[in-house]
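On the provided structure of chain B, position chain H as indicated by the hints.
First to last, the sequence lines map onto chains B and H.
According to this note's numbering, the first sequence is numbered sequentially starting from 25.
According to this note's numbering, the second sequence is numbered sequentially starting from 25.
Bear in mind the hints are in silico, worked out from the structure with no lab data behind them.
Idealized CB from N, CA, C, for every residue including glycine.
Be a bit skeptical, because a hint or two may be false.
Claimed, not checked - What follows is a set of in silico ranges between Cβ atoms, one per label pair, in the way DEER data are often shown:
1) B/Lys55 with H/Ile29: 39 to 49 Å
2) H/Ser58 with B/Asp135: 17 to 27 Å
3) B/Glu215 with H/Asn283: 34 to 44 Å
4) B/Thr51 with H/Asn161: 19 to 29 Å
To be verified - Heads up, simulated BS3-like pairs for lysine-lysine below, C-alpha to C-alpha not over 30 Å straight-line:
5) B/Lys105 with B/Lys52
6) H/Lys105 with H/Lys69
7) H/Lys243 with H/Lys36
8) B/Lys182 with H/Lys127
9) H/Lys127 with B/Lys76
10) B/Lys127 with H/Lys127
11) B/Lys127 with H/Lys182
12) H/Lys69 with B/Lys127
There are 2 protein chains.
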Amino acid sequence: MNAYIKLIDCIKSSKSILCVGLDTDITKLPKIFSSDLDSITEFNKAIIDATKEYACAYKINFAFYEQYGTDGFRLLENSLKLIPDNKFIIADAKRGDIGNTSKAYATAVFDYLRADAITVNPYMGYDSIAPFLDYENKLTFILALTSNPGSNDFQRLKVNEEALYTRVIKTTLGYANTQSIGFVVGATHPEELAEIRKIAPNNFLLIPGIGTQGGNIEKTLSANNNGPAVINVSRDIIYASDKEDFADRANEKARSYRNLLGTIQ
Amino acid sequence: MNAYIKLIDCIKSSKSILCVGLDTDITKLPKIFSSDLDSITEFNKAIIDATKEYACAYKINFAFYEQYGTDGFRLLENSLKLIPDNKFIIADAKRGDIGNTSKAYATAVFDYLRADAITVNPYMGYDSIAPFLDYENKLTFILALTSNPGSNDFQRLKVNEEALYTRVIKTTLGYANTQSIGFVVGATHPEELAEIRKIAPNNFLLIPGIGTQGGNIEKTLSANNNGPAVINVSRDIIYASDKEDFADRANEKARSYRNLLGTIQ
Chain B
25 MNAYIKLIDC IKSSKSILCV GLDTDITKLP KIFSSDLDSI TEFNKAIIDA
75 TKEYACAYKI NFAFYEQYGT DGFRLLENSL KLIPDNKFII ADAKRGDIGN
125 TSKAYATAVF DYLRADAITV NPYMGYDSIA PFLDYENKLT FILALTSNPG
175 SNDFQRLKVN EEALYTRVIK TTLGYANTQS IGFVVGATHP EELAEIRKIA
225 PNNFLLIPGI GTQGGNIEKT LSANNNGPAV INVSRDIIYA SDKEDFADRA
275 NEKARSYRNL LGTIQ
Chain H
25 MNAYIKLIDC IKSSKSILCV GLDTDITKLP KIFSSDLDSI TEFNKAIIDA
75 TKEYACAYKI NFAFYEQYGT DGFRLLENSL KLIPDNKFII ADAKRGDIGN
125 TSKAYATAVF DYLRADAITV NPYMGYDSIA PFLDYENKLT FILALTSNPG
175 SNDFQRLKVN EEALYTRVIK TTLGYANTQS IGFVVGATHP EELAEIRKIA
225 PNNFLLIPGI GTQGGNIEKT LSANNNGPAV INVSRDIIYA SDKEDFADRA
275 NEKARSYRNL LGTIQ
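Here chain B stands alone, though its shape is the one from the complex (with noise of 0.2 Å):
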């Protein structure tokens, strides 16, 4: 199925556009876990278990897993395995590289992990980016705007008036068609998330920020003004408690994200 369509299903079937991060990192699990690796998975599978009722999808950030070698890459996979068919699947890898690199990357991600969508880093061009889109059935997030502290520094740079993130939007969404190309808009910026908008309003927006890193919910959905979105809450639902009770901390956090982001129209 096309992932666009999929994705608007996922949205549908669980009236939410609360994607949960799982940045899962073995120093921040609650206390009852040992210190063994597994325990990633298993965390993992508590945390998707209670929130899945209040989740379109999870985003899955390869750092968390690639810092643990092997080991870590197969508790990536196994992690994937747990997450059901009608949730939406965002391997969150910002990759990019020359042409037959990068087809290598999307055999990983695509053909090999069977993620929905992966997020690409523009900076090397349209043949670093062509290998994700020949999937025509999947979803390529092309960072835009990052909501990090250093998306000050090169991507508002002007290029002929206009910012260079600007420019990246406009520029790729000609490479491919409104369903294959989403981005990456951080929920810190809701006035820039406005304009985007404005630019590729059918295109989905990846918007990550919202919690730990500041970005405020109703300023973020005032100016996605009901495009088609997910909103990323990862450290704010997987770590809201440290104890026992971290998986009904979990849930109870996922439904007020839930309620608090509405759905799409």
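Okay, now just chain H, sitting in the frame of chain B:
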């Protein structure tokens, strides 16, 4: 040991600025190898043995391993262990994410895999690069002007009269000392390489794009003007022959490149 000093030593001891890229793809191995994934490590061992006399460094591109999932990551780990201690190891991963996530990538590459250097993408700005620079004894190669056709799409955009890649170099030079930061500059852009050499005269440059990608050796050496640099060749060496003589041909190709490239003075 400080990676900058180590790389200078590796160049001196091998009398070579050649870096061999282990972009190993199971479908391109000589026919004497079985289709079992472990053939990748066997092939890499043969290539490392055949080329180590003429190479100062090895660059391993993560994409070619990640495409096989957990098994691939194991092959990557095992391949890195085959590289002699007196050779410089570059993790060609092109990573970059928000601060706490880049920290996990740095852990993966520097603590876990024990590489000497990594390639990183600058699009997300300072806090996406800083966690790598926190490893003062490692070298972080920042993508500046890459070797691929897509380098024209964003890297060359004019920002206040100068190209974005120039701005990236000038800005990131301020992030850490000369010995911690290097830049990736494609051999396919010799004129710009000459400019960059002037902006960053003492930083290491990692120069890919020679061989299959078409970069010219003489123009590259002239543009580099004897600055600190390593020149990477991947496919043209490792796939020099698809027959039983692949290691001998790789040895000859590496020697030939070493002799053509010379060393830095």
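Hints and how they fare:
For B/Lys55 paired with H/Ile29, a C-beta distance near 43 Å keeps the hint of 39 to 49 Å intact. Distance hint check for H/Ser58 and B/Asp135: the Cβ-Cβ separation is about 22 Å, which falls inside the suggested range of 17 to 27 Å. Distance hint for B/Glu215 and H/Asn283: a CB-CB separation of about 58 Å, inconsistent with the stated range 34 to 44 Å. At about 23 Å, the beta-carbon gap between B/Thr51 and H/Asn161 stays in the expected band of 19 to 29 Å.
In summary, the hint linking B/Lys105 to B/Lys52 is supported, as the alpha carbons are separated by about 22 Å, within the 30 Å threshold. Straight-line distance between C-alpha atoms of H/Lys105 and H/Lys69 comes to about 10 Å, which keeps the hinted pair within the 30 Å bound. For a cut-off of 30 Å, the pair hint linking H/Lys243 to H/Lys36 stands: about 23 Å separates their Cα positions. Using a Cα cut-off of 30 Å, the hinted pair B/Lys182 and H/Lys127 holds, with the two alpha carbons roughly 29 Å apart.
Simply put, H/Lys127 and B/Lys76 have alpha-carbon atoms about 29 Å apart, close enough for the 30 Å limit, and the pair holds. Restraint check: the Cα-Cα separation between B/Lys127 and H/Lys127 comes to about 26 Å, which is no more than 30 Å; the hinted pair holds. For the proposed pair B/Lys127 and H/Lys182, the alpha carbon gap of about 29 Å is at most 30 Å, so the pair holds. Under the criterion of a C-alpha separation no larger than 30 Å, the hint pairing H/Lys69 with B/Lys127 is consistent with the structure, at around 25 Å.
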